[in-house]
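Each of the two chains sits in its own frame; use the hints to bring them together as a complex.
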Amino acid sequence: MKLRAIASVAALSLAAMGSAHAVQLTVNITNLTHGQSFTPRLLVAHDATVDLFEVGVPATDALAWLAEAGVIDDLQAPASAGRNFQAALGGVPASAGALVSNPTNNWQRFGGPLAPSTTSADYAFDSGDFEFLSLATMLIPTNDAFAGLDSIRIPTEPGTYTYLLDAFDAGTELNDELNSARTDITEDVTGLPLGGYAVPGVAGGDVPTRVADLGIGSTGVAVQASGSTIVDGTDGPVHIHRNVLGDTDAAGGASDLDSRVHRWLNPVARITIVVPQ
Amino acid sequence: MKAHTLKLSILPLTAALLTACGGSSGGSAANPVESTTASYTVQITNLTHSQPFAPAAIILHEPGFNSFIDGEAASVGVEQLAEGGSPTIALSEAAAASEHLVSIEGAGVGPSTIGNVETVSIPTANAANLRLTVMTMLVDTNDAFTAVNAIDVSNLAIGSSMSFDAPTWDSGTEANTETADTMPGPAAQGASGLAEGFNVLRDDLLDQVHFHPGVVTSANSTDASAEGLSTSVLTEADRWDNPAARIVITRTQ
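Sequence lines, in order, name chains A and B.
So for the first sequence, the numbering used here puts the first residue at 1; every next one is plus one.
So for the second sequence, the numbering used here puts the first residue at 1; every next one is plus one.
This is chain B alone, in the form it adopts within the complex (with noise of 0.2 angstroms):
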């Protein structure tokens, strides 16, 4: 497959109605009544190698909202986000606009591992024009983040899910050097470096979110073709391929 739209992975799972429950012991017959409130489960699995998923920004909001555009420069939010792994300021942001539903900051999630479930409720009038924005930062880079970007998840039925496979950007904040001072992870510490994460400094090739091209990685950087990065602290087992994360949103109520 060649093309493939932005909702191709969507795999609608199979819906496991809840049934209302009809054991009123008073007798009387109340008819179902719609719940005031819409619940969701978000849960984020990490299908890389071995690069851990710092703190994630979920956000539900209404469409006409993104907390960021393939090739405009990143939002100071997205910049923490992504070079230094906190989501507060990306979750602000989110929070600030008057589309925003409500946003919650989930568990990081290591390396091949299922995240935690976590759960969050809107108005259930909300539910009919829905946006998920999920974004976290894969920390044994510079600004590297996977993310979902205001995708559609409108009409979801209780009970069901809909599986979303995350590319990975890179936020074009910071220049890939790959060193042990410049990213925050244990591949950083591990290094003994400054393992810096946030700085204010602008110095990537170009200022402008965008698809991440992957790391070097210090592989092959002593052999006669040159192509790894002496100065990197990351291995070949550091790489990465899309998709780097799999969200899954359920809706429970």
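Chain A extracted, bound-state conformation (with noise of 0.2 angstroms):
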């Protein structure tokens, strides 16, 4: 755990960081990108023993669920239950996206699909009184992109505060950028087919807020397929992401994204949030 909370409003005094106390916060999320979608946004109030991820460090079960499937609880993807972040933070949402409040931690999941170039809406969330907040949230189409905040001192200054997000690789999944539509090509030995948890292939190229639809036939990016399969592996520990090639052949070339449209300079997306009175 590290202590790199950033306050944006000058000169936070020594005494007002140190005290901690239940805040709501009102928090948003805007996705600055050009064609990139977020998957449902996980935001987590917690102590110093929580951490969503870490830079140098391999990702955990439950970020490679959320990186690369864009899942973060069982209601979600009853599959990844025991495995995702619902596991690794505790507790059972009441109801899909109700707050889960636990010894160490206070989760919960907020909204759907964010559009490129959009703002969220403001979510009202229950910090408890823990002392940091992370977020973390998929970009689509991507291998296993994510968005993250990591472990930032929550302000207890009343204020509106900013912060500037960039995009990391969780390393779990070789970056082949194959459209997990595709059913040329499958995983080599398990058969599956591809996208998804532990299985290649971009994931979200079908959601709602898609501005360019993907290629097929491509041959690979980061690992190319050979015949009909392809073969997986990981490209970890967690690090900025190097961003994704893409190409401008939809129906072949090394990629099945759009280097005119999938691209992003970092960084990828702004929360503000608003510490009350």
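Everything labelled a hint here was simulated from the structure, so no lab data went into it.
Keep in mind that a hint or two might mislead.
[Stated by the list, open to error] Quick list of the computed label-pair ranges, beta carbon to beta carbon:
{"hint": "1", "chain 1": "B", "residue 1": "I104", "chain 2": "A", "residue 2": "T26", "range": "50 to 60 angstroms"}
{"hint": "2", "chain 1": "B", "residue 1": "Q253", "chain 2": "A", "residue 2": "N102", "range": "53 to 63 angstroms"}
{"hint": "3", "chain 1": "B", "residue 1": "S192", "chain 2": "A", "residue 2": "V55", "range": "43 to 53 angstroms"}
{"hint": "4", "chain 1": "B", "residue 1": "S112", "chain 2": "A", "residue 2": "A121", "range": "19 to 29 angstroms"}
{"hint": "5", "chain 1": "B", "residue 1": "S163", "chain 2": "A", "residue 2": "P78", "range": "50 to 60 angstroms"}
{"hint": "6", "chain 1": "B", "residue 1": "L194", "chain 2": "A", "residue 2": "D188", "range": "48 to 58 angstroms"}
[Claimed, not checked] Which chain A residues stay away from chain B? Per the calculated CB distances, all over 10 angstroms, these:
{"hint": "7", "residue": "Q24"}
{"hint": "8", "residue": "A77"}
{"hint": "9", "residue": "V100"}
{"hint": "10", "residue": "A222"}
{"hint": "11", "residue": "N266"}
[Stated by the list, open to error] Short, incomplete list of chain B residues facing chain A, as computed with Cβ under 7 angstroms:
{"hint": "12", "residue": "G71"}
{"hint": "13", "residue": "A73"}
{"hint": "14", "residue": "D223"}
Ideal placement from N, C-alpha and C gives every residue a C-beta, glycine not left out.
Structure (structure tokens):
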């Protein structure tokens, strides 16, 4: 756990930084990208024992589920039970998107797909008396890219605080950039179709917020298909994503992503946190 | 550092406080009187490899005004600035706002070059709650611009500076075709295209201001990867990464 809290208003007093008390935060997120959508957002207020991700450290199963498939809890994907962030953080949401309170954290899933160049609704989030705030959301369509806010210290001084988020690579899947809807290629050994957790392929190409259809027929970027199969692998630990390559051939080339649509330059998101009086 | 605030890049430079000169020859020991004018210099450094910056819109204003907002459609002024490089309409739009204090057009800045020192002055009373907006086009693009957007420069002491590293926005008003006919800069002119600047047509993926994805360029457009854009007149040398500009504001009076 690192202490990377960065206040956006000048001169927060040390005294103010040191006190923690229950606060109802208002949080929103802006997708700053040209052609990447965001999956539902995981917001976590937590103590120093909780860490969603850490650069230089291999991703947890929970992060892999979020970064490869956009999955946070059992309600989204029963197959993820026991290995997702619901399992890692604890508790069971009373309903989809309900707040879950645990001894070391409060967590909540917010929203649906967030289209490029749009700002989410304002999320009312009870941060309890926890000191830190983290957020993660997958970039789709990608193999395992996510935007993350890593353990900022929740400001105690009332005000509006703004943070810019970079895109990270979970490192749990090779960035083949193959369309997960393809049926002409399957994962080696398992024979599973592309996409989703633990199988290669870009997830999210068919979400309603897509701005361009994915291509087909490409050979792969970071790993190439051999015949009708592809061998997945990892490229971790967690690191700043090197961006997607894409190509300009929707029926061939190296990638099923579009180099004119799906690339980004960091940062990819802005979150605004309002700390009430 | 994973999460950085908008103001993370503020680097308070060493304050060189000006000392009041007491050399009055008349012998009357006049008390120092605070000037009614606060003056600032703004200097833009082009951090890119080969993207020239067009003339800049430099605006000092009160809180509450934004030339553009992420996720919203660009104004015609921002569209003109981002597509054609002219800050004129954007400056007019700013001047029409009740929060406007002063604005000027700054000179263009070449790639990897420190720009001119531009000077602006406001009533001293406004220095306590002051915002800075600077916008300038990357001219070898369809509609990319680098900017600081209503950033807080309140209470800057005389002689001190603040420095901001600026990302690159896509105005969302023109498709990023990278052709010789659609970009106003030297790359398009060198390719003998129409090099059109502003066009009222809004044909980007989304008519919303957002962060720029970078240019694709024609690199690797003819190999098996098909990564590049064969119709682009840009080369790999025209790429950039964020930040694209450094903007330094210094209070001089």
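Right, here's what the structure says about each hint:
1. B:I104 x A:T26: 50 to 60 angstroms: 37 angstroms, violated
2. B:Q253 x A:N102: 53 to 63 angstroms: 56 angstroms, holds
3. B:S192 x A:V55: 43 to 53 angstroms: Given a distance of about 47 angstroms, which is inside 43 to 53 angstroms, the answer is holds.
4. B:S112 x A:A121: 19 to 29 angstroms: 42 angstroms, violated
5. B:S163 x A:P78: 50 to 60 angstroms: Check passed, 51 angstroms falls within 50 to 60 angstroms.
6. B:L194 x A:D188: 48 to 58 angstroms: This hint holds: roughly 50 angstroms between Cβ atoms.
7. Q24: Answer for A:Q24: holds, closest chain B Cβ roughly 21 angstroms.
8. A77: 26 angstroms, holds
9. V100: Consistent with the label, A:V100 stays out of reach of chain B, its closest Cβ about 23 angstroms off (over 10 angstroms).
10. A222: 12 angstroms, holds
11. N266: 6 angstroms, violated
12. G71: Status holds, d = 5 angstroms.
13. A73: Violated. Min distance 10 angstroms.
14. D223: 9 angstroms, violated
In summary, the numbered hints that this structure violates are 1, 4, 11, 13, 14.
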